[in-house]
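Peer 1: If you want the building blocks of each chain, they are given just below.
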Amino acid sequence: MTTAFSLEGITKRFGEVTALDNVSLTLNEGEVLGLIGQNGSGKSTIMKVMAGLHRPDTGIIRVGGKVVQLRSPLEAAQAGIGLVHQEQSLITSLTVAENLFLDKPATSTRLGVYRWAKLRDRAKHQLEKVELDIDPFTSVSELSFGQRQMVELAKVLSLEELVHGHLVILFDEPTAVLNPPEIQSLFSQIRRIKHRSSVVFVSHRMDEILDISDRVYVMSDGRNVADRDKENVNVDELYELMVGKQRVNREDRKPRNAQIGAEPALTLKNVTVPGEIEGISLTLAPGEILGLIGVQGSGAETILRTVFGLSDRWSGEIDYFGMPLNVDSPPQAVDKGIGYLPAERKTEGMIRNTTVSENVAITYGWQHGHGAGLISRARERGLIHNWVTKLGIKTPSIGQRIDTLSGGNQQKVVLSKWLFGKTLKVLMLDHPTRGLDPGARSDLFGVIRELADQGLAILLVGDTLDEVLTLSDAIIVMKDGRVSARIEGVQATPPSEEELVKAMV
Amino acid sequence: MTKDTILMFLRRNGALVVLAIILTAVSTAAPGILRWRAINSLLQDNAPLLIMIVGATLPILLGCLDLSIAAMASLAAVMAAMLSPALGSASAYVVVAGAAMIGGLQGWMIGRLQVPSFVISLGALGIFKGIGMYLTAADMVGIAPGISVYETLGSRSFGISNAFILVLIVAWLFTLMLKLSNLGRNIYAFGANEIAVYISGVRRDMVRAFAFAASSGCAALGGVMMISQTMFASATVANSLLLPALVGVVVGGTAISGGVGGVLSSLIGGLIAILIRVGVTISGLPPESQDVAFGITILIAVALTTDRAKIGLVK
Amino acid sequence: MSNLIKSQGPLLALTGLVVIFSVFSESFASMANFAAVLEAAAIPAIVAIGLTYVLMQASIDLSVEGVASLANIILSITVANSVTTTDIGLWAIPLVLCAGLLVGATSAAVSIYVRMPSLIVTLGMWLTTVGMAALLFPDRLPQLLETRITQLAIDKQFGLSWIVYLTLALILVALWVEKYTRFGRMSRAIGENEPVLIMSGIKVNRHKIAAFALAGGCYALAGILLGARIGVGNTQSGVGLLFPAIAACVLGGTLLSGGQGGIRQSMIGVLILVSLRNGLIQIGVDPLLQSALEGAVIIIAVAGSTWHLRRKVRVIK
Amino acid sequence: AQDDTSKKLYLGVGNTSADYWTQMIWGATQVMESVGGTVAVIGNDFDPQKSLQNIGAITAPGCEGCIFTWFPDSPAFTKTFVEKIGDAGGFITTLWNRAEEIHPWDTAPDAWIANISFDGVDAGYQNGMELCKAMNGEGAIVVLQGVLDNAPAKQRTMGLEKAIAECPGMTILDKQVGSWQQAPAQDIMRTWLTKYGDKIKGVVGQNDAMALGALAALREAGLAGKVFVTGTDGSSDVVKQIESGEILSTMSGLNEYQGAVAAALAYGVRVGDIKVADLTEAQRDFFMQQILITKANATEFLARKPDPAEYSYEAIKADIWAKSAGQIPAGVN
Ligand SMILES: Nc1ncnc2c1ncn2[C@@H]1O[C@H](COP(=O)(O)OP(=O)(O)OP(=O)(O)O)[C@@H](O)[C@H]1O
Ligand SMILES: Nc1ncnc2c1ncn2[C@@H]1O[C@H](COP(=O)(O)OP(=O)(O)OP(=O)(O)O)[C@@H](O)[C@H]1O
Ligand SMILES: [Mg+2]
Ligand SMILES: [Mg+2]
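Chains as they are written, first to last, in this note's numbering: chain U, 4 to 508; chain W, 3 to 317; chain C, 45 to 361; chain R, 980 to 1312.
Keep in mind that the hints were calculated from the coordinates and are not lab data. Warning: the hint list may mix true and false statements.
Stated by the list, open to error - Partial pick of chain U residues on the chain W-facing surface, computed with a CB cut under 8 Å:
| no. | residue |
| --- | --- |
| 1 | Val337 |
| 2 | Tyr343 |
| 3 | Gly376 |
Said to hold, decoys possible - For each label pair, taking beta carbons as the anchor points, the in silico distance ranges come out as:
| no. | chain 1 | residue 1 | chain 2 | residue 2 | range |
| --- | --- | --- | --- | --- | --- |
| 4 | C | Arg192 | U | Ala120 | 35 to 45 Å |
| 5 | U | Phe140 | C | Asp183 | 58 to 68 Å |
| 6 | C | Arg192 | U | Leu114 | 29 to 39 Å |
To be verified - Using 27 Å as the maximum straight-line C-alpha spacing, the simulated DSS-like pairs for lysine-lysine come out as follows:
| no. | chain 1 | residue 1 | chain 2 | residue 2 |
| --- | --- | --- | --- | --- |
| 7 | C | Lys356 | U | Lys339 |
| 8 | R | Lys1178 | R | Lys1141 |
| 9 | W | Lys181 | C | Lys361 |
| 10 | C | Lys200 | R | Lys1205 |
| 11 | U | Lys349 | C | Lys361 |
| 12 | R | Lys987 | R | Lys1296 |
| 13 | R | Lys987 | R | Lys1302 |
| 14 | R | Lys1302 | R | Lys1141 |
| 15 | C | Lys200 | R | Lys1178 |
| 16 | U | Lys107 | U | Lys197 |
| 17 | U | Lys425 | U | Lys397 |
| 18 | R | Lys1205 | R | Lys1154 |
| 19 | C | Lys247 | U | Lys121 |
| 20 | C | Lys200 | R | Lys1180 |
| 21 | U | Lys425 | U | Lys339 |
| 22 | U | Lys197 | U | Lys69 |
| 23 | U | Lys121 | C | Lys223 |
| 24 | C | Lys223 | U | Lys127 |
| 25 | U | Lys482 | C | Lys356 |
| 26 | U | Lys127 | U | Lys197 |
| 27 | W | Lys181 | U | Lys425 |
For clarity, every value in this text was computed on a predicted model and none was experimentally measured. We put the CB at the ideal spot given by N, CA and C, even for glycine.
Let the sequences and hints guide you as you build the complete structure.
Peer 2: Pasting the structure below:
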């Protein structure tokens, strides 16, 4: 086997943080390398070094045996290296076609003037590869999340036409926002391009990693801790390699004995949001974890947003501890004791350009203050440290800017703000584990159960069926904006996944 | 001190350092400027501008712009003068309180109508100016003599201009508010990411209303200070202060994109801009070159006071 | 129909204004008055074209008045005039346009490479260009004796001056640039999400410099046309161009936050503003109250034409 | 502060690029140069705040015995300016603007020597009467006003009203604010033409720039010379149009003379040649003469060349009020 690409002794520091510590990695031709590690272990950083977005402090990079300097994404692209980002990076006001060739001006313009006909043909061709049947001139803003991810993929695959030699395609958590059929389509694309490319694939889902990879590369704290062929590992071993031996006891997996309140905390009657959900009725009791599942667009997320006062137009009735819930905006919802963790971390969850502690304290900081709207940073600091330790948030200090944390750690910070107060009664979680590593996920599961045990009512839209099955006391299956099934007693008699999927589609 | 800590100090306190440099330069050219009387009279003259700079900082911290402040200061001056015979000192309080309410309404409308602050405050600018013109029939209004508020604002205590003392008090109160209160925290966070803050349960309409109430109230206070000096108001007295006020805020290192900066640094920024103007005037440059010199020096000052580490993207 | 309302809010606002004024004033809806509106709109439109690309990129340019005045002065002392003896004929036009481009490019370069917000850089540039205009000003107001320039304002074809036709042509070019060139497409993208473009290896800075330079060129052109119209070189000639132009862009939907709007929208904004001024005179509003009415209409027009866009999760700065 | 403060006149002006200002500055400069002094011209861009800052900057380092001639851009600020200069121990003569209620003898009387203006009411009146004459006492006119709260704008309006009272056949069709500028005036005129058509027989431009704007719009409509236009300022552009018959009249002040007298008074008091206490109210608050320019005297006006000798300090001091048009009456400011 020939080596297509290698990193030798790469170190990358950001101020005091050492993101990569003397990392070496080789990538053989036609190979899919699964890259795993806890949040903040340096996966994205390694990919960015490979894609020319970060320059390493020390170490060398070889492409096809030759030492190269990758000074920019453009140079990386010329060397046949392309990256599908962890956070989506399409320009929504431009058309799909323009986005596809955004970084390859030569394809679509001459002397700075667009050649629309040519662009359309070429875009069409790229979209066919990923089996996306849309007009290349659709504006990206009209696409669903999953479709956008496919466009990202197509964007990178256009390297096939542009570069003659071998390609290196990097995927940073591409499946986090995809549904199962889309994931399958992605995998078939990866298998298709293997004949002339090498692939690095990051995911926090072990089953996916083992499904698609030929080899698994495990990172921890910016270092490589293991490099195994697929044949020689299993899920448990990988898990242990990632999170360390001491944390492998998976308490959270055990069924929970929930103390569910008799009187419902939240009752929805016939709630309708035009075009999104129709006639939704459900109840949620204190101490209960109610999981919502459904394919994308099934309306599960809309339910949470409506309760939180974020829907612009809706009808129906929502009762809250027996009284009508008159909530028209998030502040009102929060006043009543309702919290909501949004799925869109980047735009709706974290307050960028501010510190970890400000993010945690934004909602309930005043509750720990001196009264009269005056806050006490000293008191807050102690409490924030507690949560940072409890959730295992990896940050040099609580004064660190949240933007510099890894994706998973950002998510934990955003969640902490709801745990910070004293008055929360209902917590709604929209894809709370999106981007979390298995260890963090299990930590979070523990926290969610603990909260429910303390009497909090929890409404959960999960990332995976497995997740919802593990956590929920009851499950509501959504289909086309309506409830298609409600399953009680999930912990005692778990339904089979097939059963759920059937209700979903 | 290592080189790093010096650099860090410079970056954090760029505005203060620039102020010191400019003060040194100006006082070398004209040593008389360092006399207490001279400084005091500069501070007194510029108190209206400085208070407007203090107020204008708050909407900017949110990432909004209040273009109506100068028109509001003029209108406030006119109203205060017109009300002074009937209400005496109360005219000043009534006008400032009224202005704060109108400002609050402006801020609230931005959210309710979902119209950008630039548009709302531009519209308000026109409305205030029109009302001022109409009320005065484009004439001047003198203030009734012997009213204690205006006499106090126009005079000194402990040798310091009362108007400037008031500026310091207001700036200090705002600084405490920004540092110690939940509202202050919400203001900075709002500037950093409005939607996330909203979804965190912050009453964004109230935050915005407060910031605009503060900027309008301060502008009105500026108008009141101005007539305590001039004794006459007209519908356009303060209209030219809009840009100098925004310049002051920016020179102080507050980012227009929101989330970064503070009231005290704006105050320092305002002083820098004022000193640059003084320096340019006494430099003996021909009048034609003075604007060029002022423009370029201001640019250099901003280049030195902006903490680029804090601003993600410079637009 | 509801789709039309959604995409064409500002256009409907303009139509609404025209209808209201036509009802309340007999003379508003006359050919002659439409010509008057177009004449009054021409120069603001040119300024707005330049500003639009800058605003789309989420930057701002305040140097309009200074650059236009400076252009006006340079023009008036380099063509045949009543004060200086230099006369380089029509070469003055490319000279002045280049000066405008240069000022714009300088603003952008300073903003980019010294990492300062465009607002403050262009504010400094405003003061600087105003000063330079004063420096270049000869002792007396130079009258333009170059008739090929002054005829632009005086010569009429079908009731409209060459200035209007020139503006229309420029609008067409600008629309084409916006739709068909990489610069045009990238300008909006820069406003929407600059980091992504940088990561894609796009030379964002070039597009920014180009936008500011083009804007400077447009202001310079406005200065030239002002010269043609007023027939003299005046250091104050550009005064009053800035705020109406920004307001027009924003009215049309080219927001300061970038990534939105475009030439078409800005032009509608210009027409709204100019029709408003014209209409208020036509219906005979008290001059003392005019600015108040203008202010109120601006708020109402923007609120009305964007009402359908209201969303709880929408950033409005 | 080592130099002799009497030898440097601080001259605060609107800007330095219009006929009026260059002429006024020229007059003041002749006086100061004749005594071996200099003039520091300060441009304030018609912005009272900038004036305030500039005066503050000049007086801040100490200014005992400094002399000023200043154009307070807004009458609301005149009091502040003169008091400030009084506090600093300086002397000042003001041009054009003061609030109605204050005078040199009652406000900082030792520092504020005099206020010298031109009679805006008279300018408005004479132009108005000229218009009346040209229209044979019959017809409708439109008025392009200056910035509304400026004293000259209001005075000129008052004067026009006086003329209309004497010439009842002349009626005002419309008034709009042209802000002293040419381009807005042109747009307004164009709109008027579509609104009123040939009802308009005359146009009052409250300054020359607006008169030129109106003329440009009239030219477009082919009405130049048919509709009568008046201005005020006596700028050479307008006077040339008067010669050619496209503009009816304009009012020109003795601009050089105003600058010279203002400078001479400030300097004279400073060096002790003139005692403020000896001056009457009419000598401290007066109008300077002005002349109406019509076709009859336009050519002569254009040809005139001021003789520097007539503007030396000695020459002016010999009879400072020779060209005064009398004390400013109450109620016109
Ligand atoms: N621009 C930056 N400035 C400072 N620190 C950074 C920056 N980018 C990354 N880091 C730090 O480097 C470390 C590695 O981050 P990286 O994003 O590579 O983690 P990751 O493995 O991709 O995590 P996740 O699974 O959460 O995506 C983290 O501690 C992070 O905080
Ligand atoms: N189907 C395709 N998808 C993506 N990129 C392509 C495709 N076909 C060509 N390209 C790339 O686009 C760029 C320009 O392609 P090409 O040379 O075919 O254009 P062109 O034919 O040269 O235009 P012209 O000959 O008219 O100048 C090249 O970098 C090429 O690799
Ligand atoms: Mg990552
Ligand atoms: Mg080819």
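Peer 1: Each hint: holds or not?
Peer 2: Comparing the hints with the structure gives:
1. Val337: Given a least distance of 3 Å, the restraint on valine 337 of chain U holds.
2. Tyr343: 7 Å, holds
3. Gly376: Constraint on glycine 376 of chain U satisfied, holds at 5 Å.
4. C:Arg192 <-> U:Ala120: 35 to 45 Å: 42 Å, holds
5. U:Phe140 <-> C:Asp183: 58 to 68 Å: 60 Å, holds
6. C:Arg192 <-> U:Leu114: 29 to 39 Å: 32 Å, holds
7. C:Lys356 <-> U:Lys339: 19 Å, holds
8. R:Lys1178 <-> R:Lys1141: It holds: about 22 Å lies between the C-alpha atoms, which stays within 27 Å.
9. W:Lys181 <-> C:Lys361: Within the cut-off at roughly 23 Å; holds.
10. C:Lys200 <-> R:Lys1205: Measuring from Cα to Cα gives roughly 19 Å; hence the hint holds.
11. U:Lys349 <-> C:Lys361: 19 Å, holds
12. R:Lys987 <-> R:Lys1296: It holds: about 18 Å lies between the C-alpha atoms, which stays within 27 Å.
13. R:Lys987 <-> R:Lys1302: The hint holds at about 25 Å.
14. R:Lys1302 <-> R:Lys1141: Between lysine 1302 of chain R and lysine 1141 of chain R the Cα gap is close to 24 Å, so the pair holds against 27 Å.
15. C:Lys200 <-> R:Lys1178: 23 Å, holds
16. U:Lys107 <-> U:Lys197: This hinted pair holds, its Cα atoms lying about 23 Å apart.
17. U:Lys425 <-> U:Lys397: 25 Å, holds
18. R:Lys1205 <-> R:Lys1154: The given pair, whose Cα atoms are some 20 Å apart, holds under the 27 Å limit.
19. C:Lys247 <-> U:Lys121: 23 Å, holds
20. C:Lys200 <-> R:Lys1180: With Cα atoms ~23 Å apart, lysine 200 of chain C and lysine 1180 of chain R stay inside 27 Å; holds.
21. U:Lys425 <-> U:Lys339: Holds, at roughly 12 Å.
22. U:Lys197 <-> U:Lys69: 21 Å, holds
23. U:Lys121 <-> C:Lys223: It holds: about 16 Å lies between the C-alpha atoms, which stays within 27 Å.
24. C:Lys223 <-> U:Lys127: This hinted pair holds, its Cα atoms lying about 20 Å apart.
25. U:Lys482 <-> C:Lys356: 26 Å, holds
26. U:Lys127 <-> U:Lys197: 22 Å, holds
27. W:Lys181 <-> U:Lys425: With Cα atoms ~23 Å apart, lysine 181 of chain W and lysine 425 of chain U stay inside 27 Å; holds.
In summary, this structure violates none of the numbered hints.
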